[in-house]
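Kindly produce the complete structure, drawing on both the sequences and the hints.
So the protein lines, in turn, are chains B and E. Quick note: the first sequence, position 292, residue 292 per this note's numbering, numbers continuous. Quick note: the second sequence, position 445, residue 445 per this note's numbering, numbers continuous.
Hints are supplied without guarantee of correctness; some may be wrong.
Quick partial rundown of chain E residues pointing at chain B, CB under 8 Å, derived from the structure [claimed, not checked]:
| # | residue |
| --- | --- |
| 1 | A174 |
| 2 | P385 |
| 3 | F389 |
| 4 | A392 |
| 5 | P405 |
| 6 | A441 |
| 7 | A443 |
In silico negatives: residues of chain E with every beta carbon more than 10 Å from chain B [unchecked claim]:
| # | residue |
| --- | --- |
| 8 | D43 |
| 9 | A124 |
| 10 | G315 |
Restraint ranges, calculated between C-beta atoms of paired labels, are given here [said to hold, decoys possible]:
| # | chain 1 | residue 1 | chain 2 | residue 2 | range |
| --- | --- | --- | --- | --- | --- |
| 11 | E | P276 | B | R118 | 56 to 66 Å |
| 12 | B | R283 | E | D406 | 52 to 62 Å |
| 13 | E | D109 | B | G160 | 19 to 29 Å |
It should be emphasised that the hints constitute simulated quantities derived from the structure, not laboratory data. As the structure is a computational prediction, the values presented were derived from the model and not from experiment. Ideal placement from N, C-alpha and C gives every residue a C-beta, glycine not left out.
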Amino acid sequence: VTRRALGAATAAALLCLPLTAGAQDQPLALRPARVVVSPERAPLEGATLLLQGGKVAAVGVDLELPEGTRVVDLPRVWAVAGFVDASTEATLTGEVDEVTSAIQADVSTRHGLDFAHRDLAAARAAGVTTALVVPGERNLVGGEATLIKTTGAIWRLGGGAPVKLALGSEVLLEGRSPTSRVGAVDALRRCLAGIDRQGDDVLAQLARGERVALWRVGSALDARTALELGEHHGLALLLQLAPEVEAHDLGRLPLDGRPVLVGPYGHGTPAARLRTPAAVASRGGRPIFASGAPATPPAGLRLTACLAVHHGLDAALALDALTRAPAAALGIGERVGTLEPGKDADVVLLDGPPLDLRSRVVAVYVGGQPAFARPPEERP
Amino acid sequence: MLHPGHSAPLAVLLTATLLVPCAAQERAEPPAKPPSPPVAIVDARVAGHEGPVTVLVAGGKVRAIAPRGQARAPRGVVVIEAGGGRLVPGRIDAFASVGSPHPLGRALDGFDPFDQRAIQGALASGVTAVALNPRRSTGSCGLATVIKLRPGATLGELVVVEESALCSSIGLGAGGPVARAEHAVALRKSLEEAAAYRDAWLDYEEALEEYVAELAKQPEGEGEAAKGGEGKPKQGKAKRGRRPPGKEGEEKASGEAEKKGEDEAKKGPKKPARPPVDRAKALWQRVLDRELPLRAEAHRVEDIANLLKLQDEFGFRLILEGATSAHRLAEALAAREVPVILGPLLPGVVGDASFPPDHRPGNAAVLRAAGVTVAIGSDSWEATPTLPFNAALAASAGAGAGLTPDQVDEALTSAPARILGVAERMGRVAVGFDADLVVLAPAGLGAERPSVVLVDGQVVYRREP
Numbered sequence: 001v002t003r004r005a006l007g008a009a010t011a012a013a014l015l016c017l018p019l020t021a022g023a024q025d026q027p028l029a030l031r032p033a034r035v036v037v038s039p040e041r042a043p044l045e046g047a048t049l050l051l052q053g054g055k056v057a058a059v060g061v062d063l064e065l066p067e068g069t070r071v072v073d074l075p076r077v078w079a080v081a082g083f084v085d086a087s088t089e090a091t092l093t094g095e096v097d098e099v100t101s102a103i104q105a106d107v108s109t110r111h112g113l114d115f116a117h118r119d120l121a122a123a124r125a126a127g128v129t130t131a132l133v134v135p136g137e138r139n140l141v142g143g144e145a146t147l148i149k150t151t152g153a154i155w156r157l158g159g160g161a162p163v164k165l166a167l168g169s170e171v172l173l174e175g176r177s178p179t180s181r182v183g184a185v186d187a188l189r190r191c192l193a194g195i196d197r198q199g200d201d202v203l204a205q206l207a208r209g210e211r212v213a214l215w216r217v218g219s220a221l222d223a224r225t226a227l228e229l230g231e232h233h234g235l236a237l238l239l240q241l242a243p244e245v246e247a248h249d250l251g252r253l254p255l256d257g258r259p260v261l262v263g264p265y266g267h268g269t270p271a272a273r274l275r276t277p278a279a280v281a282s283r284g285g286r287p288i289f290a291s292g293a294p295a296t297p298p299a300g301l302r303l304t305a306c307l308a309v310h311h312g313l314d315a316a317l318a319l320d321a322l323t324r325a326p327a328a329a330l331g332i333g334e335r336v337g338t339l340e341p342g343k344d345a346d347v348v349l350l351d352g353p354p355l356d357l358r359s360r361v362v363a364v365y366v367g368g369q370p371a372f373a374r375p376p377e378e379r380p
Numbered sequence: 001m002l003h004p005g006h007s008a009p010l011a012v013l014l015t016a017t018l019l020v021p022c023a024a025q026e027r028a029e030p031p032a033k034p035p036s037p038p039v040a041i042v043d044a045r046v047a048g049h050e051g052p053v054t055v056l057v058a059g060g061k062v063r064a065i066a067p068r069g070q071a072r073a074p075r076g077v078v079v080i081e082a083g084g085g086r087l088v089p090g091r092i093d094a095f096a097s098v099g100s101p102h103p104l105g106r107a108l109d110g111f112d113p114f115d116q117r118a119i120q121g122a123l124a125s126g127v128t129a130v131a132l133n134p135r136r137s138t139g140s141c142g143l144a145t146v147i148k149l150r151p152g153a154t155l156g157e158l159v160v161v162e163e164s165a166l167c168s169s170i171g172l173g174a175g176g177p178v179a180r181a182e183h184a185v186a187l188r189k190s191l192e193e194a195a196a197y198r199d200a201w202l203d204y205e206e207a208l209e210e211y212v213a214e215l216a217k218q219p220e221g222e223g224e225a226a227k228g229g230e231g232k233p234k235q236g237k238a239k240r241g242r243r244p245p246g247k248e249g250e251e252k253a254s255g256e257a258e259k260k261g262e263d264e265a266k267k268g269p270k271k272p273a274r275p276p277v278d279r280a281k282a283l284w285q286r287v288l289d290r291e292l293p294l295r296a297e298a299h300r301v302e303d304i305a306n307l308l309k310l311q312d313e314f315g316f317r318l319i320l321e322g323a324t325s326a327h328r329l330a331e332a333l334a335a336r337e338v339p340v341i342l343g344p345l346l347p348g349v350v351g352d353a354s355f356p357p358d359h360r361p362g363n364a365a366v367l368r369a370a371g372v373t374v375a376i377g378s379d380s381w382e383a384t385p386t387l388p389f390n391a392a393l394a395a396s397a398g399a400g401a402g403l404t405p406d407q408v409d410e411a412l413t414s415a416p417a418r419i420l421g422v423a424e425r426m427g428r429v430a431v432g433f434d435a436d437l438v439v440l441a442p443a444g445l446g447a448e449r450p451s452v453v454l455v456d457g458q459v460v461y462r463r464e465p
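Take a look at the structure:
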């Protein structure tokens with residue numbers, strides 16, 4: 001069986017799946033050739049992945065299937081957990097940043113989201129099932145990010161959605177304060193020191209560590225500042241390194257156990273930058289990949305992972321950076337990031353191993369429901 | 001040649017193949033190249049061979065491929081353990097721009113052979129050869145060169161094909177149909193001028209031959225003429241000779257000669273005037289003569305169609321580059337046997353608004369299905385290290401249908417070798433071919449990274465553990 005014919009058969013099988021809500025309770029058993037339950041575990045061969053009620057009900061070899069289970073055999077297909085894109089501007093319409101002042105705590109990307117945007121379908125086709133839609137990097141405090149499932153549902157988080165902060169050359173705009181790095185750091189200091197921690201607003205929740213502070217930095221120096229300020233003010237810091245940061249810049253940056261967003265990387269990215277994810281890991285950090293969509297297509301997420309592996313990152317860590325690490329960093333590790341029983345049935349099916357770029361996403365499930373199937377007419 | 005399945009005592013055979021052709025090879029090669037020690041790559045998987053094989057390399061060539069267990073590496077050979085990993089031909093970046101465009105330029109002159117960081121970056125991605133191209137503007141942009149990447153070698157030692165093609169582009173940056181048409185007109189003008197230039201020189205050479213022949217025919221007459229008429233007649237001849245050469249002109253001239261008869265005979269044969277030398281036109285003439293292919297970058301259907309029209313008319317060899325919308329003309333390209341070098345399909349390029357709206361990453365597969373030879377290039381030397389990833393996206397990217405994994409490999413190896421005219425020595429792991437080889441080690445979950453890279457049998461890259 002050729003790979004292509006196989007893909008077509010898979011797609012055909014998946015297109016036949018019922019799309020109506022009534023079928024939601026019918027258990028579905030996927031039988032791919034390999035299932036990657038979680039990144040550090042060896043892929044299971046010949047296992048069955050049982051999806052029921054929007055969750056992974058069970059996974060393993062020789063499972064007992066409930067009555068009425070629909071079984072789909074997927075020879076040579078790999079199943080992995082849905083990818084989590086921890087930094088995207090996809091689906092946002094118009095200008096992303098409100099640049100009238102550099103502190104915009106009350107702005108939310110929720111109000112710029114367009115679920116009819118074609119970016120969303122593109123993200124699903126690339127295997128992205130959960131995404132954090134973030135403000136840009138032109139404000140010191142850019143506002144509230146929005147966590148979504150790529151089927152078009154906003155994820156309500158207990159502590160509130162993450163807040164985007166930024167430090168780097170992008171925040172220095174003409175005709176507005178700050179106009180220098182020292183000015184930017186001073187403004188951030190004042191902002192953080194002036195928060196009424198007992199308050200009920202976004203900044204108060206940020207200061208109490210209830211909301212994740214997704215802090216994008218333009219350089220290793222900016223990273224050091226963010227780490228110092230974050231620690232001093234007790235922020236739940238999620239550091240994001242700009243793609244321009246090179247491996248040797250990191251020096252002795254203390255990253256122990258910290259999640260660190262890196263990427264996106266692509267065409268012509270110099271090797272010194274591509275070694276940054278490996279450098280983050282070697283300093284004890286947990287790399288997470290940002291897609292940077294829509295400036296780069298969502299498929300760039302897997303490309304970024306492959307480039308990172310090529311430049312020294314462990315393959316299991318790279319898959320972790322696409323799935324479990326971002327879920328954990330965003331506080332949704334209980335719900336998504338692996339295919340362990342009890343997790344959301346967010347599944348990506350590929351016609352080959354996930355870190356082989358030649359493999360294609362053939363189908364995607366979100367909450368047990370088909371969210372993408374490669375249509376047969378797109379084949380030659 | 002040794003094939004899998006042979007059960008002869010291969011260690012002996014291998015030693016024999018090692019020694020004999022090696023000696024021959026060393027005699028044939030220039031003395032500047034230091035002889036590299038023979039290498040045996042053991043426990044490798046090679047396309048077309050079942051099971052793991054041992055590949056023996058000596059004198060810069062692959063000397064033998066034999067099933068594991070049937071071959072033992074002779075003593076004194078450097079052994080590389082592939083550990084069951086794939087052994088693939090060195091990848092060839094068929095489209096790597098470097099240096100600025102100039103009608104008489106050479107991309108080779110914009111390449112720094114001592115930029116070890118860049119060369120190591122490319123080798124680390126398994127790229128062992130590069131077709132250097134001048135960056136593009138309209139008209140002639142200069143000559144492309146095929147080189148191998150060997151650290152520490154001089155430019156001259158790297159060159160595989162010094163003058164590989166004349167480069168041009170059509171429709172790049174054209175804002176609308178008028179500008180697009182102007183590009184086509186400019187290209188046609190270059191070709192027409194080259195045709196006129198070629199004719200002028202052919203006529204001149206013909207006339208010169210006649211002149212020499214006539215001189216030889218009448219040694220006495222010439223002597224008399226030379227003695228009889230110095231100064232004035234010579235000047236007169238020179239003036240007449242300045243007339244543009246052409247067949248009608250010649251006929252007229254011969255008619256006149258018949259009429260004037262004796263007068264001409266007295267003056268002796270007329271020396272034809274040499275047309276002015278124009279190096280730019282001479283380059284285009286080599287394209288017309290099919291000596292050099294024309295590598296033309298074009299993306300939109302209109303531009304590609306314009307190129308094909310010009311090719312039909314002038315009959316030059318065409319290599320299409322970039323070719324974003326080429327899938328729409330796949331049949332026409334296949335019928336004319338025009339090979340295509342696709343540009344990058346990577347993020348950041350695909351989303352570019354200047355690309356035609358009908359761009360689809362699946363066009364590699366459509367072209368291939370129509371019978372077009374398809375290679376994939378990185379577009380610029382800076383981006384060469386991302387070539388394999390770029391090519392892999394041709395299999396997976398976007399919503400389009402893609403190539404199979406084997407076809408992706410082919411688009412980086414044997415296809416560019418064919419297009420660049422080096423298929424008899426590069427682009428395959430086969431006996432007698434250049435030992436430009438990449439050992440790929442599995443990194444898990446489908447990721448492969450080059451662990452050892454050889455160029456001309458020399459280990460040029462080893463991944464640090």
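Tested hints:
no.	hint	in the structure
1	A174	violated, 23 Å
2	P385	holds, 6 Å
3	F389	holds, 6 Å
4	A392	holds, 3 Å
5	P405	holds, 4 Å
6	A441	violated, 11 Å
7	A443	holds, 5 Å
8	D43	holds, 21 Å
9	A124	violated, 7 Å
10	G315	holds, 31 Å
11	P276(E) - R118(B): 56 to 66 Å	holds, 58 Å
12	R283(B) - D406(E): 52 to 62 Å	violated, 39 Å
13	D109(E) - G160(B): 19 to 29 Å	violated, 60 Å
In summary, the structure is inconsistent with hints 1, 6, 9, 12, 13 from the numbered list given earlier, while agreeing with the others.
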